[in-house]
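Going down the list, the sequences are from chains A and B. If you count the first sequence from 1, position 671 lands on 671 in the numbering used here, and the numbers rise without skipping. If you count the second sequence from 1, position 39 lands on 39 in the numbering used here, and the numbers rise without skipping.
Please keep in mind that the hints were generated in silico from the structure rather than gathered at the bench. Even for Gly, the Cβ is constructed at its ideal location relative to N, Cα and C. Where hints are given, some of them may not hold.
As the list claims (entries may be wrong) - Within a straight-line C-alpha distance of at most 27 Å, the following computed DSS-like cross-link-like pairs (lysine-lysine) qualify:
1) Lys240(A) to Lys145(B)
2) Lys435(B) to Lys246(A)
3) Lys240(A) to Lys240(B)
4) Lys36(B) to Lys275(B)
5) Lys521(A) to Lys26(B)
6) Lys7(B) to Lys50(B)
7) Lys521(B) to Lys246(A)
8) Lys7(B) to Lys226(B)
9) Lys275(A) to Lys36(B)
10) Lys499(B) to Lys459(B)
11) Lys94(A) to Lys435(B)
12) Lys246(A) to Lys145(B)
13) Lys72(B) to Lys50(B)
14) Lys489(A) to Lys521(A)
15) Lys50(B) to Lys26(A)
16) Lys435(B) to Lys17(A)
17) Lys26(B) to Lys435(A)
18) Lys26(B) to Lys443(A)
19) Lys145(B) to Lys36(A)
20) Lys582(B) to Lys443(A)
21) Lys327(B) to Lys591(A)
22) Lys36(A) to Lys443(B)
23) Lys443(A) to Lys36(B)
24) Lys246(B) to Lys226(A)
25) Lys443(A) to Lys614(B)
26) Lys36(B) to Lys521(A)
27) Lys145(A) to Lys246(B)
28) Lys614(A) to Lys275(B)
29) Lys517(B) to Lys505(B)
30) Lys162(A) to Lys517(B)
31) Lys246(B) to Lys240(A)
32) Lys443(B) to Lys582(A)
As the list claims (entries may be wrong) - Sample of chain B residues at the chain A side, in silico, Cβ under 7 Å:
33) Pro91
34) Gly106
35) Val133
36) Met157
37) Thr241
38) Ala599
39) Ser602
2 protein chains.
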Amino acid sequence: MSVLEAKITELQEAAAKQGDVVRSLKAHAKDGKADKAEVEAAIAQLQEIKLDLDAKQKEFEKTTGKVSSQSKEAFRAALTNLLERRLFYIPSFKIYGSVAGFYDYGPPGCAIKQNLTQAWRQHFVLEENMLEVECPAVTPEVVLKASGHVDRFTDYMVTDLKTGDPYRADHLVEGHLEALLEDTKAPLPAAEKREVKDLLAGVGEMDGAALGALITRFGIKAPDTKNDLSPPFPFNLMFKTSIGPKGDMVGYLRPETAQGIFVNFRDLLYYNGSKLPFAAAQIGNSYRNEISPRAGLLRVREFTQAEIEHFVNPDDKSHPKFASVAKLEPLLYSRELQMGEEKRPKPVALGDAVARGTIANETLAYFIGRTWLLFGRLGVDLKRMRFRQHLQHEMAHYAEDCWDAEVETTYGWVECAGLADRSAYDLRAHTAMSKTELNAYEKFTEPREVEVTTVTPNKKELGLGFKRDAKAVADALEALGEEDAMCLKSDLDAGKPGKVVVDGKAVQVTAPMVEIKRQQKRLAGRNFIPSVIEPSFGIGRILYCVFEHSYYTREGDEARAVLRFTPLVAPVKATVFPLVQKEQLNALATKISASLTAAGLSNLIDTTGNTIGKRYARTDEIGVPFAVTVDFQALENASVTLRERDSTAQIRVPIADVATLIRRLVDSATTWEDAAAEYPAVAKAAAEEQQ
Amino acid sequence: MSVLEAKITELQEAAAKQGDVVRSLKAHAKDGKADKAEVEAAIAQLQEIKLDLDAKQKEFEKTTGKVSSQSKEAFRAALTNLLERRLFYIPSFKIYGSVAGFYDYGPPGCAIKQNLTQAWRQHFVLEENMLEVECPAVTPEVVLKASGHVDRFTDYMVTDLKTGDPYRADHLVEGHLEALLEDTKAPLPAAEKREVKDLLAGVGEMDGAALGALITRFGIKAPDTKNDLSPPFPFNLMFKTSIGPKGDMVGYLRPETAQGIFVNFRDLLYYNGSKLPFAAAQIGNSYRNEISPRAGLLRVREFTQAEIEHFVNPDDKSHPKFASVAKLEPLLYSRELQMGEEKRPKPVALGDAVARGTIANETLAYFIGRTWLLFGRLGVDLKRMRFRQHLQHEMAHYAEDCWDAEVETTYGWVECAGLADRSAYDLRAHTAMSKTELNAYEKFTEPREVEVTTVTPNKKELGLGFKRDAKAVADALEALGEEDAMCLKSDLDAGKPGKVVVDGKAVQVTAPMVEIKRQQKRLAGRNFIPSVIEPSFGIGRILYCVFEHSYYTREGDEARAVLRFTPLVAPVKATVFPLVQKEQLNALATKISASLTAAGLSNLIDTTGNTIGKRYARTDEIGVPFAVTVDFQALENASVTLRERDSTAQIRVPIADVATLIRRLVDSATTWEDAAAEYPAVAKAAAEEQQ
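So here's chain A without its partners, still in its complex pose (with noise of 0.2 Å):
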């Protein structure tokens, strides 16, 4: 790190507890505490310290001509700060000092988070006619030990040798690597260099043994200690619980959604009128019981999730709407790309990509581009969004292809969805684990013709032969699939005597013993199980996306932040302003927010005597898209002025017209330069947007 680096990682942290100091006198002032002196001279010097701040932030990306990492972490600690400060969401239980990995929404958070799930059902649920459903979070151990969660929902954990203190493996040979590769003062050589890089590529996939070689390797230690670290060891991520008083039944907190669907499968399929295609959707927290949670919103213990599960004959996975999105062009990184030399993702029409065989089907496309479409309207910059194929080893065996729906934020890209269609899989498991059949019915448009093995055991010559293991071996002989039937039955009809393993024993069957035959038989449809296609989103982290796509500061005046949300998840939708503290204003205004209210639009009113500036900059902190203001013109016609947030531009709008209009453009009816074109527009004063 230069000197110049240091430097600015000081400042940002000054800037940090300055601002905490401020935040409390002013509390402390208005409990009467601290008095006013005190608190202007605090902010003082906070403006102080952001003035350094940006001139040594200007004079890094200057002489190192990129975005540092530093204005990254800037840009990061402004939102966050402000994101806190405003009470989106803040760490839970902070009187007790907090437990990592869980997050409280706050009146905003919370908002928003009900318009973007609200969103999400509108556009895929009702949209689709998909069946949703709703089912616990505490779910018998069965559940998950048929899905595989039990055994294998893991990661590697090593602990530090003296103090016990556990650390999740691949993050901290992640961290060492990467500070091999940035380390500055003692660069490494090209190749070693190169080697490292690959190594880092292949972080996420390696098993413990792995893990734990390059941790000997490169003598990785524990980070806060220097102390040695324990082997790698398997750690399972769910919570355990207990159901019922007796003690012996074994309960997990749900770590997806998606279960609750699989096990319910067939009496979806009954309510769907026995018909494929359909789609069932939940939405509901999922728990993971994180090593070590770090990155905010990005990994919690407890989260939203929104999952699809798509069942489709394997057959067909063809899509009657897939013509609506073929030729949307998201940002596709396939897998080719990947491995190329440029590793960067392309537009590509998604009807292309299907016939050119990038994506494996319409169905699993149609997603990708319905996705593509619901990240746009919630507010993702589509140009720093790319669906992300999965290598073939990122894979699990059964998966046929995946494909991340991933958002660039400053962390890095971040997976906030995934697509894949995951064969039968999920089906086959609960279908093994229950013993019941989770099956779907095809009739097919034609009867057909198909040939099959039958097997007959003659009983007589067996109990002649095996006495009384007879049983056993007609059993086994009932049980021989096509291909080992026909195998013995070669051997049979060639006069020589045939095996079959009996209870893992092979033993000798001679041709009177069985019939084998082939047969010609008609069929009217056949029983099979179904493929799935899963569109899986995780809520919280598209609401961190959005958050950092929405940020900015107004030109020339960086103090003042705005987030840019689109009408449809902005938490508040409306201010109500009176111009003046005036008793006839007031009620005015307040008879303005009942009927916003009326309408189902939330909305604010703020009677304080601030500076229409102020009110404003406030607002947009929290990103409000319409502020109406009541002015003395009101009183005369019965008409207010609506600014809209980003353009700060004002129309003169009937108050009669004024529910009804912000309505319409928050349900995307109307556009704001609809608006401006139907409504007079107002010249504003110069001096509204100063603060």
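Based on these hints, arrange chain B on the given structure of chain A.
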């Protein structure tokens, strides 16, 4: 139980069993595994059982002149059969044999639950500008230690001394006492009957010893084995887990959502500009590891709560909007009425109830009124809803007043919401445990003169008198309460030595050692711990009551069940039926369905060739309020018929108006009566409503 009653019960069981057979056969018929004749025979048999059951029930009602508990049970059996069959809700993890106390909501259940929750949010959070928060369910032990749940959130349990099977003690005792009262073979003498009735009324409040005494007195045994029972012991109802990888941090799944609000009080007060009163709200899942859950949705282990914590100055519990509810007359079942002769609730205007002191304050009464209005909008029959005041011994010692919103169902009166003035208890408990002051500051309108007592130890004199214990004595003097200080002063003023307790021992002090004065002081305001008024709702319970109050069968046709959901809560708002299977009609129906979806109206399109009557019957069962039928006339004049579910009346509406009209009906912006006045009525063919 009479012979007739026994026969009714037997027939009910037979009908339920045969219903399962029919459903299973129908499912297999689709797979081609069961033949049609078999299905029809099963249906015929079911109808026979039902006819028999119906006759027996009518006979019973005629002979006894009252609605039998059997007909209550028959009502409930018919309703829950419908609800499970149409996937409103089903036992969770069915393919693994289910686990008591857990239910999944299927598509219509999920939709109605969301509509209900959303209505709650609009009615309370938006209308009152409440601060909504969302906190995790996983909660560290310290929070629930502070709240008292770790020590006291228990039910009394008894176990079968031979098998170890657990039972809830109060339920066993209640069951036994009820059976004694209902025993017609060996009826109790009048005096004993009165005593048993009194005991029964008190079981809910009994401690372990009292329950144990009754178990011994009445010789109550384990119901399944008739074995002896253990004495009752407390069982904590919280699900326990462990947070983080070290296994040393105990956590629980929250038993209520309220605590998340209390621990955030400081931040929420700051967010609200440090002003009182304000209310915070949370909707989320809570968890109670019930000993032996029964009664379907009414007692489950994972359930959705919606809780409000309204923080208020304890000296002023008026409510600015109280006038808006003062004239409402919900049925109030006050303490007085419960203790009186009639034992029946009465309609009382809330204004009068507060004026007479029946309800402790305006804010509590305001929420009672708002709750009553909401339940009405949700479809609860307000004649079967009452607010029951807690008797003095039911309330916690800190509670000022408490009312339960109860709804009458086949299970009796069900508590759906509790509205309590909890004084400062919760904030005080978290202040003590977290050492964080959870105060609000009140600025007096005018500075107040108050008289305070100051105690000033004389260190020199104390040093001479107490040597190295002088410091402890000085501390004890400074810590004296107002009253103790004045008591000491009067002794010293009278020339006597006074006493002060130091480390549990009384020591003597003399006049020169301490100066005690009364002084006038001017205070501009004061810090205080706010009182909290808590309306707390169980969403699943309200939902179940809405189901019961919505269920009826068409006059003259008991096989045709209808759920009369209000358009607001109905899971599906409209169906679209092409009159017959014709390409053109299907295409038009699909277009109309898409326009409904775009307006955010969930809808179903049914292009099966079934008769219109059959299609109406299927949608009546899930409570769809409006049906659009596309007939040949639609192709000529672009209009369709719209049918209202309960009146079965039809009007002719232009296709262009359909989505807007249904949207307005759902939003209560217009009524069916108004719509029927606006559009021409359609004379319906009687055949249409036939299946």
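Now the hints, each set against the structure:
1. Lys240(A) to Lys145(B): holds, 21 Å
2. Lys435(B) to Lys246(A): Roughly 37 Å between the alpha carbons, so the hint for Lys435(B) and Lys246(A) is violated.
3. Lys240(A) to Lys240(B): The hint holds at about 8 Å.
4. Lys36(B) to Lys275(B): This hinted pair is violated, its Cα atoms lying about 71 Å apart.
5. Lys521(A) to Lys26(B): holds, 26 Å
6. Lys7(B) to Lys50(B): Distance ~13 Å between Lys7(B) and Lys50(B) Cα, so the pair holds.
7. Lys521(B) to Lys246(A): With Cα atoms ~62 Å apart, Lys521(B) and Lys246(A) exceed 27 Å; violated.
8. Lys7(B) to Lys226(B): Holds, at about 26 Å.
9. Lys275(A) to Lys36(B): holds, 19 Å
10. Lys499(B) to Lys459(B): holds, 17 Å
11. Lys94(A) to Lys435(B): holds, 12 Å
12. Lys246(A) to Lys145(B): With a Cα-Cα distance of about 23 Å, the restraint between Lys246(A) and Lys145(B) holds, given a limit of 27 Å.
13. Lys72(B) to Lys50(B): Distance of about 16 Å is within 27 Å: holds.
14. Lys489(A) to Lys521(A): At roughly 20 Å apart (the allowed maximum being 27 Å), Lys521(A) and Lys489(A) satisfy the hint.
15. Lys50(B) to Lys26(A): At roughly 73 Å apart (the allowed maximum being 27 Å), Lys26(A) and Lys50(B) break the hint.
16. Lys435(B) to Lys17(A): holds, 23 Å
17. Lys26(B) to Lys435(A): Given that 27 Å is the threshold and the Cα spacing comes to 21 Å, the pair holds.
18. Lys26(B) to Lys443(A): holds, 16 Å
19. Lys145(B) to Lys36(A): Violated: Lys145(B) and Lys36(A) sit about 39 Å apart, past 27 Å.
20. Lys582(B) to Lys443(A): Holds, at about 23 Å.
21. Lys327(B) to Lys591(A): holds, 23 Å
22. Lys36(A) to Lys443(B): holds, 17 Å
23. Lys443(A) to Lys36(B): holds, 17 Å
24. Lys246(B) to Lys226(A): Given pair Lys246(B), Lys226(A) holds - Cα atoms ~19 Å apart, limit 27 Å.
25. Lys443(A) to Lys614(B): holds, 25 Å
26. Lys36(B) to Lys521(A): holds, 23 Å
27. Lys145(A) to Lys246(B): holds, 23 Å
28. Lys614(A) to Lys275(B): The hint holds at about 20 Å.
29. Lys517(B) to Lys505(B): Roughly 25 Å between the alpha carbons, so the hint for Lys517(B) and Lys505(B) holds.
30. Lys162(A) to Lys517(B): violated, 59 Å
31. Lys246(B) to Lys240(A): holds, 14 Å
32. Lys443(B) to Lys582(A): Holds, at about 23 Å.
33. Pro91: violated, 11 Å
34. Gly106: Interface hint status for Gly106(B): holds (6 Å vs cutoff 7 Å).
35. Val133: Check passed: Cβ of Val133(B) comes within 6 Å of chain A, closer than 7 Å.
36. Met157: holds, 6 Å
37. Thr241: It holds, given that the least Cβ distance between Thr241(B) and chain A is near 5 Å, below 7 Å.
38. Ala599: Given a least distance of 9 Å, the restraint on Ala599(B) is violated.
39. Ser602: This hint holds: Ser602(B) lies near chain A, its Cβ roughly 6 Å from the closest one there, short of 7 Å.
Checked against the numbered hints given earlier, this structure breaks hints 2, 4, 7, 15, 19, 30, 33, 38; the rest are met.
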